[in-house]
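> Okay, here's what each chain looks like letter by letter:
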Amino acid sequence: MNCEEVNTHLIDYLDKTLDTAMTTRVATHLISCPPCGAEASELADCMHQVAALPAMDPPLGFAQRVMAHVRELEAKPTLWQRMFLPWTQKLPLQAAALVMVGITGIVLYQKDEQLERTELKNMTLAAALDPANPSDESRPRDIRQADKKKEPALRAPAALAKPAKPVVEKKQLSSPASQLSQSGKREAEVRSEEPKISRRAPIQVQEASTMRDVGRFSGETSLVPPMPLGGLRPNTPRSGTLALDRLVPLGERVADYEFVVRRRPPPRRDLENAASKDPGAHSLEADFATPPAAPATINPRIESIAEIRFYSVAPEHYEFFRKELASEAIIEAESTLADKEREIAPFDRQLLIKVTILPPVSPQPAGAPR
Amino acid sequence: MVSEAISDAECVRKLQRGETDAFETLIRRHQKTIYNLAYRMLGDYDEAAEISQETFLSAYRAIGNFRGDANFSTWLYRIALNHATTRRKTLTTRQQRTVPMENSEPASDPNPGPPESMEKKEIRQRVQQALNRLEPEDAAVILLRDLQDVPYEEVARVLEVPIGTVKSRLHRARQALKSELASYFYAGRKAV
Numbered sequence: 001m002n003c004e005e006v007n008t009h010l011i012d013y014l015d016k017t018l019d020t021a022m023t024t025r026v027a028t029h030l031i032s033c034p035p036c037g038a039e040a041s042e043l044a045d046c047m048h049q050v051a052a053l054p055a056m057d058p059p060l061g062f063a064q065r066v067m068a069h070v071r072e073l074e075a076k077p078t079l080w081q082r083m084f085l086p087w088t089q090k091l092p093l094q095a096a097a098l099v100m101v102g103i104t105g106i107v108l109y110q111k112d113e114q115l116e117r118t119e120l121k122n123m124t125l126a127a128a129l130d131p132a133n134p135s136d137e138s139r140p141r142d143i144r145q146a147d148k149k150k151e152p153a154l155r156a157p158a159a160l161a162k163p164a165k166p167v168v169e170k171k172q173l174s175s176p177a178s179q180l181s182q183s184g185k186r187e188a189e190v191r192s193e194e195p196k197i198s199r200r201a202p203i204q205v206q207e208a209s210t211m212r213d214v215g216r217f218s219g220e221t222s223l224v225p226p227m228p229l230g231g232l233r234p235n236t237p238r239s240g241t242l243a244l245d246r247l248v249p250l251g252e253r254v255a256d257y258e259f260v261v262r263r264r265p266p267p268r269r270d271l272e273n274a275a276s277k278d279p280g281a282h283s284l285e286a287d288f289a290t291p292p293a294a295p296a297t298i299n300p301r302i303e304s305i306a307e308i309r310f311y312s313v314a315p316e317h318y319e320f321f322r323k324e325l326a327s328e329a330i331i332e333a334e335s336t337l338a339d340k341e342r343e344i345a346p347f348d349r350q351l352l353i354k355v356t357i358l359p360p361v362s363p364q365p366a367g368a369p370r
Numbered sequence: 001m002v003s004e005a006i007s008d009a010e011c012v013r014k015l016q017r018g019e020t021d022a023f024e025t026l027i028r029r030h031q032k033t034i035y036n037l038a039y040r041m042l043g044d045y046d047e048a049a050e051i052s053q054e055t056f057l058s059a060y061r062a063i064g065n066f067r068g069d070a071n072f073s074t075w076l077y078r079i080a081l082n083h084a085t086t087r088r089k090t091l092t093t094r095q096q097r098t099v100p101m102e103n104s105e106p107a108s109d110p111n112p113g114p115p116e117s118m119e120k121k122e123i124r125q126r127v128q129q130a131l132n133r134l135e136p137e138d139a140a141v142i143l144l145r146d147l148q149d150v151p152y153e154e155v156a157r158v159l160e161v162p163i164g165t166v167k168s169r170l171h172r173a174r175q176a177l178k179s180e181l182a183s184y185f186y187a188g189r190k191a192v
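So the protein sequences, as listed, match chains A and B. All residue numbers for the first sequence refer to our numbering, where the first residue is 1 and numbers rise by one. All residue numbers for the second sequence refer to our numbering, where the first residue is 1 and numbers rise by one.
One thing to keep in mind: the hints can contain errors.
Claimed, not checked - Here are the simulated DSS-like cross-link-like pairs (lysine-lysine), alpha carbons at most 27 Å apart as the crow flies:
| no. | chain 1 | residue 1 | chain 2 | residue 2 |
| --- | --- | --- | --- | --- |
| 1 | B | K14 | B | K121 |
| 2 | B | K89 | B | K178 |
| 3 | B | K120 | A | K16 |
| 4 | A | K16 | B | K167 |
| 5 | A | K16 | B | K89 |
If you are wondering where the hints come from, they were derived from the structure by calculation, not from laboratory data. None of the values given here were measured: they were computed from a predicted structure.
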């Protein structure tokens with residue numbers, strides 16, 4: 001056995017865990033090899049010195065002191081216990097907190113929904129007022145002021161049932177030149193009731209853009225001649241069962257048909273003759289006749305505002321209405337969404353037709369101020 | 001008071017069931033072993049007392065995690081060595097360790113005999129100094145095997161290494177200790 005092999009077995013030799021034969025061989029080498037013998041002797045001496053270290057007694061009262069700390073730990077609840085125990089106290093508190101969080105979440109969700117709805121209404125109003133010119137700065141200041149007045153009404157649904165002030169003003173606008181017919185008066189009454197029974201965005205648009213409001217916006221109401229009301233317009237376009245059936249949320253389309261027409265250039269026609277006709281025999285021709293030239297004091301930009309009219313027409317008279325409309329004005333756009341609905345289920349009621357009347361494209365009168 | 005006759009495993013079960021008094025039995029049974037191990041690791045009486053107390057308190061806090069796969073003493077050794085090793089490193093970084101050479105041993109030293117006490121005391125101090133200069137892992141394996149006479153299998157479980165690793169580490173640690181004590185042994189031999 002060489003020194004390397006002895007070094008390998010030296011630890012077991014010192015621990016006396018080698019078998020007899022191996023122990024003899026290692027012991028023989030250690031006797032014959034002084035370096036290995038000295039190494040083994042010193043290691044054995046180290047082991048002996050360590051093992052000879054005296055056993056120390058712990059301090060007096062060590063166990064009692066540790067147990068005192070243990071009982072302190074036992075009395076003090078752990079973090080887990082503080083969080084969740086005792087459950088008889090924690091559970092009701094946690095349940096109450098959960099309910100409060102839930103209620104807060106529901107309230108916040110509802111408020112968020114209201115905000116979104118308000119934004120949608122505002123966008124609808126803005127688009128309907130001036131779809132071709134969305135820039136607010138390019139619009140007359142008077143209309144912008146009117147818009148601001150109407151915003152609160154749009155945000156608060158309850159305020160939609162406010163009395164129709166413009167119509168009241170329309171009655172005050174009566175001038176000898178207008179000679180409002182009996183049916184026209186009834187029409188005005190009906191229109192005054194419209195906001196009460198309907199909460200639709202187009203109504204708001206109508207109020208804002210009707211030519212009759214021009215004078216109100218410009219502050220010169222007495223100078224604006226009222227528009228004649230059409231004979232085809234029935235007495236109650238949105239009253240009674242029809243109107244109630246058609247109550248829809250704001251921003252939703254309400255009319256069965258919608259037309260955007262532009263007045264033809266003023267013909268050489270004596271409008272006074274038309275006005276002197278039978279008041280009950282109004283026709284589309286009278287409706288779409290270009291209004292008489294406005295006095296020079298009216299702001300010409302105001303005249304670019306469209307007028308919106310509603311007609312209630314029997315389904316069988318729709319084609320006749322359309323032809324007459326086309327003969328009296330230039331139809332620039334028309335919606336036919338109701339056609340599909342009509343194919344599915346024929347209408348058994350009066351059709352509600354919305355006509356947006358744009359002013360003629362002819363140049364302004366030469367005397368109109370800029 | 002829990003009977004001293006019951007085993008460690010039974011004491012642990014009682015403790016896990018909430019009988020705190022069973023822990024006192026375990027403390028009384030193992031306090032001397034743990035205290036000696038801590039003292040030889042640190043070489044300081046007060047430090048050893050503090051580490052021993054921390055060891056038992058840690059064991060009490062973690063008694064719910066003790067599954068009984070190993071002996072309670074093995075588990076306790078491991079906790080004590082972890083605390084002692086951490087404390088040794090802390091003390092080493094805080095200051096160059098100056099092991100109290102004199103009066104480091106308590107007055108209750110059981111070794112009597114005035115004629116040989118001075119030489120034995122010096123040898124013990126030299127050995128303690130050498131142990132303190134060893135790496136904590138080397139000191140731990142020497143103390144477990146040579147001082148506490150813990151079987152190789154249990155040492156392997158305490159250190160969480162294979163038995164072969166324990167043996168090789170022990171051989172290396174003994175040689176390191178021999179190197180630390182070489183000058184003393186050489187001087188002694190010369191004197192002899």
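> Each hint should be assessed against the structure and marked as holding or not.
Hint check:
1. Restraint check for K14(B) and K121(B): the C-alpha separation of about 43 Å exceeds 27 Å, so the hint is violated.
2. This hinted pair checks out: K89(B) and K178(B) have alpha carbons roughly 23 Å apart, not beyond 27 Å.
3. Simply put, K120(B) and K16(A) have alpha-carbon atoms about 26 Å apart, close enough for the 27 Å limit, and the pair holds.
4. Of the supplied pair hints, the one linking K16(A) and K167(B) holds, its CA atoms being roughly 13 Å apart against a limit of 27 Å.
5. Note on K16(A) and K89(B): the hinted pairing is violated, with a Cα-Cα distance of about 34 Å set against a maximum of 27 Å.
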